[in-house]
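Listed below, chain by chain, are the residues.
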Amino acid sequence: MAGKLKFLIPVAVFAGMVAIFYQGLYKDPTLVSSPFIDKAAPAFDLPTLYDDQRRMTEREFRGKISLFNVWASWCPGCAREHDMLLTIAHTTDVPIYGLNWKDERQAALKWLLERGNPYEVNAVDRDNITGIDWGVYGAPETFLIDADGIIRYKHIGPLTPEIWAAEFLPRITSARAMLAGAGS
Amino acid sequence: MIPEFGHIALVIALCIAVLQSVLPLAGAQQGNVAWIATTRPLAHAQFFFLVISFGCLIVAFLQNDFSVKYVAMNSNTALPTMFKVAAVWGAHEGSLLLWSVTLGLWTSAVAAFSKTLPNAVVARVLAVMGMIAVGFMLFILLTSNPFDRLFPAPLNGGDLNPLLQDPALIIHPPMLYMGYVGFSVAFGFAIAAMLAGNLDQQWARWTRPWTTTAWLFLTMGIALGSWWAYYELGWGGWWFWDPVENAAFMPWLVGTGLMHSLAVTEKRGLFKSWTLLMAIAAFSLSLLGTFIVRSGVLVSVHAFASDPARGLFILIFLGIVIGASLTLYAYRASSLETRVGFAPFSRETFILLNSILLVIAAGVVLLGTLGPLVFGAFDLGSVSVGPQYFELVFLFPMLPLVLAVGVGMHTAWRSANPRELFRRLKWPALGALVAGVLIPWLVFGSVSLLTAVGVTIGLWTVIASLIDPAKKVVGKGPRITRGMVAMQLAHLGLGLTVLGITVTSAYTVVTDESMRPGDTREIGGYTFRFDETLPITGPNYEGIQGVFTVSRNDTELTQLKPEKRVYRVQTNPMTEAGIQGGLGRDLFIALGEQLGRGAWSVRIQYKPLIRFIWLGCIVMVIGGLVAISDPRYRQRVTAKAAADGATATA
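Protein sequences appear in the order of chains A and B.
Take 2 as the starting number for the first sequence in this note's numbering and just add one per residue.
Take 782 as the starting number for the second sequence in this note's numbering and just add one per residue.
Next up, chain B with everything else stripped away, as it sits in the complex (with noise of 0.2 Å):
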């Protein structure tokens, strides 16, 4: 019964979402009181049956109800409960049943958090995102729903797929859902201010705690995602440039420009029509996300759905959604402009420039990963569109971004003077660019052209953001604003970021040795010696777990144990790498393959800085959280105060 519960829950909630969808807009666009007030109770409704369906669906996991074929398909009986909760969103049809609660869970938020809006706003904005919700829960029921039976019931499930066991994915794919859907409600304003033909420097007060939030979720599930594909994956990398990461990244990328871009539509009035279209874009890219997660359109490894049909539906929705959306720009856009002069340097040009670095970026992505389709569509022929592709191209964009953000973050609105800045500048750049040479060099021995650039942009915004916190400490600095304090916070969490992934490719060493139990080796310092094999049952698997203690100086330092598992269901080995992390370096061994005569091929590597490329994202995501502490997004601003401060910068 129960996973009938859910589908009829499901049903309800599309059903509450198209009234949420139509009400209140028409509403607000007849200036109908009524029909307005059924906004918040509607969001309310349809997170309220949302919830109840996701809960039935988490029970049918719980109970090993195996009639139900998508728990047959990815749970059985030997899966740790954690992992069953897990499995829930482990697949195609449960992961959008998670996109349509996330959703609905935004959708409620913006109700409860929007007392202090004029109900018309709230009707518009809830509305769009009612539509949205339309498409997907219609996508669910109608080529993938989670709740339909299969009969006879087998005795045991399929497994959870190996790769997918594993804490990290309790939380990453809730966490990206969380940014990606969030970026929805910037999208349901940017709607909402064109069909009322209304733009002005409220909207985007009103706009910006809500994309601050998305973008930190976001950065949360892209790093939790690349911290779980270091040691999970067994590889050691972090990043790999798959169509699947790319497709949370474009977003990221596109989100913070709009992040930059919201401040300056705020602060001066400006850049209007351009925010609208990177929110737009932005959540157009989740969308696309999604498609090129779920379609099959591209294929890679963590894609699970290829049905055509289900990817004519998402085209049809996308090209509806997005094609509507550009259209409503096409013809609004121009007459919200307002013409506000700024000098040529200015922040207002910095934040200019910082969004179109970051379009481009995001361009740079999009078309590496669409790449192989668009050729494919011209029968140009078959390209390969490689990690090399994307660590070369991305550079260019990336590295004047990261260079103009310390300059950017410094430089004062409407017109800058260009000699004082290079006067409080010089000292911290010639720091920086010093350092970026000496330090690599002096603790690695040798520093390549590129390497001394990275670190030297990675130091240089380090610095750059500390110099206002510095100057107060010794009691001279200017007033730190609480929004101060959180673009500081991100930006040295960008130089820490920056300085991690430089470091890291350029001085980690890596070596596939053959080794026996008794052998050793020395790298970068450390001394591993291979003590023995021993075997290991797991729940739900079994395998082999290798010894290694590591040695500095002749001093131990610790002991390793890397796993080779095989899971009795799916029967894939898997790797589990054993790693020593620190600030400083990690160190890191997987157990490649059994070679005979008791020896194994090792992968030993020695990965220098490697975790300050996430917590470079923890301190990001922490700047974002002050941000949206701020209490000026809390205040209720009257409509006669927010013409007057239309009216003074303007």
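This is chain A alone, in the form it adopts within the complex (with noise of 0.2 Å):
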């Protein structure tokens, strides 16, 4: 019997394949739910693009509501958003932290000068090693991480005004109203 049931094995393995491939067919890669949502930051320690020698870790997010930026210069989609985060940036109080992620110095730099700097600070991730601890698919991604390092929301692809308005406007604001409550 055994021996006659071993041959279901690679029908079985292929059912369980199919089962995958069918849920991975209907989640659309911008909407995957973060496991890091409600959850503190994960901590890292990298080097600020433009002073090598400053580092910056996600102590930095303590004490006020700020946007944690994915981007690196080779992206298409990162190129796209850059307007909408110089608006933020300009007309808004939210800070915007960056991190170049699997970028090159230069061409990072380069990049900044060119099209203008929305972020307060850069961290520099060239390796990859802070993205996998915050499970980054790919850039451009934003992180809103509130004033207690929690992170309450994640964006994958390009920030749109229409994103802006309907994911986090409301977040930042209800974070707004939890902190001023705490406060008083």
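Keep in mind that the hints were calculated from the coordinates and are not lab data.
Quick caveat: nothing in here was measured; it's all calculated off a predicted structure.
Fair warning: there could be bad hints in the mix.
One side only, chain B facing chain A, incomplete, derived with CB under 10 Å [stated by the list, open to error]:
no., residue
1, Ile1061
2, Ser1106
3, Leu1107
4, Tyr1110
5, Ser1115
Note that beta-carbon positions come from the ideal geometry of N, C-alpha and C, so glycine has one too.
Join these two chains into a complex; the hints should help.
See the structure below:
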């Protein structure tokens, strides 16, 4: 009997694969729920872009609501969202921190020089160390982090005014309200 | 009108394919000779209409017919003619049509070159291939019709992705498809054998040349793709473990295993169910490759399609084709096994080891490629599987595999004497070991353990492949058949590729420098002088060319002219590397970014032995060509002789 059963193994393995594929098909890659939502920002300690002697860590996020934007100069989606980032930097008081991801320093510096710099500080993650800890799929990705350093939301793909208005603004408002409530 | 003709021709081809998948099979199962007789005409007719359809699409590109949506999206008037033709298969819809045409070509070829086979066998094989053709043509017509019109028609089109504007791309996808799709023949033979409930050594003999032919196209296609990545992507890498590369590499690994396992089934009547499983797996991985590349399940640089309707269709199609064949396998395979003994130390054992290691290697690649998807499906978080994973894990099956090749090819069938083998191989093996440690150390000044192992097993495979031919030259070797020459060549190629990979990986020198015209740099014993930059204008791009003079010991060797291009329609900047190639080493310069005040970031690389990677592939392909030229595959074997052969070895 066992001799016959072994011939069933391939078809059983395949059935499992089909099930996984089927699941994968309906997952919009931009909607994958991140297991990091509502968890503390994973720790990191990276050099900054303009000054590699200086370090940036997750403690930078404490005390205010901020964005953490994963980008690279080779990434076309990042070029598309760059204007939106500049708008946020100029018109709101939400600071944007950058994770310059799998990039060359020279190319990143040139990018900011040419397109303008919306970032407070950029951490340099050339080897995708922090990227893996943060579950980065690909650039661009934007994390919303609250004053306690908790990740509240993650958007995969270029940031647009619509997404900003629909997903980020309401969360920022409610996080601010909670912060004010806790303070009083 | 012409696009409509193409559309109609495709519909007709689909109808013929439906007939082809029903009539011959029913005829073969029922013994109806008239129905069986329709097999070959239907196969040729299907191919004919597919060619017409494909031809119409090419004409639409050549005539700049931008009322056809697919043409408008992938071609424009400024595109050189050569690339207009290549643009036909530069994106999703056209490449699927190419897939179908390729399947039609294989179908027609089986119909034409199977005169020596019993008609009922050909009928079953072609019916199975017909079913696959039906699936693909339905897919094109329902979800991705390249003949769809666009109204109003734009005055000019978009442009072919500049990355794809390269001569290698004209032949790379057709080659890959010839390989991928070619495994459908072995698959057809496997399903036919299970349907008929009869699998003998004759079956393996029929299947072998088709498998080898598909394999050599796939080998060529992968090598071309790697070569294209090397000089077009501009980074000097030659393999990226990109999902699309993996999609071609997995069928190659399993297909290689299939070729070996088929040899055992032909010569010894063994491993029948294993061979069947490998035949199903090789083609299933080809289909999976199409799925990975086309459906957007995995997003990569090359993936052009991301549309769930298409993905769902391919998934259902995959489910039916692979699910049904594996179910048939579960039902039939056990009854096809024959019990023939072989000693634990014999060529059979080595080939079994070979195919198991190859399947493990393919499994490792599959796991890495689908890993992110699996983790996503179970909400285990996201993992990022990078080249580091593949480079490390792939070594575990591959090192023992390559090491065993040299021994296996000198091991006798049935039962070998290990002591005698040791006596024959100890000096060559020792030679490879000493050379593997000393040569890299003497030439490059240092050697790591992994490098020494890689060079040793590479040299060992080269030497082991050359032992018998060398003995023959001095006049005391055994008789060498054409099949043996093919095997020796293919293994020689493997050895050369392993050497190339090891040495390039270990001793490449890469530097990223900021250089101004007039600056010089010393790399790998060569002096690179940045002379000047010149503006350049191409047919559909503009750019800047850097001029570098390379010299060694104050003698000028060559000028390298890397370029930075900006294509007019799609404005992405593209890097064209300047490469001076040689058998021993490549010198490679790519222009990076302009850093201001005349300075450029420049990437200069010295890559020893990189050409061996592709040279080895070419030698492997020549080995495959020698194998299929063997006249024994074209002899008509009568049923009686085949039966005698089976009883003689059983």
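Q: Report holds or violated for the interface hint on B/Ser1115, using the least CB-CB distance to chain A and a cut-off of 10 Å.
A: With Cβ-Cβ at 5 Å, under 10 Å, it holds.
Q | Restraint check, 10 Å cut-off on beta carbons, for B/Ile1061 near chain A | A | 8 Å, holds
**Q.** Interface hint status, B/Leu1107 versus chain A (Cβ within 10 Å)
**A.** 4 Å, holds
**Q.** Interface hint outcome for B/Tyr1110 [beta carbon to chain A under 10 Å]
**A.** Nearest chain A Cβ about 6 Å off; hint holds.
Q | chain A contact restraint on B/Ser1106 - CB to CB distance below 10 Å | A | 9 Å, holds
In this structure, every one of the numbered hints holds.
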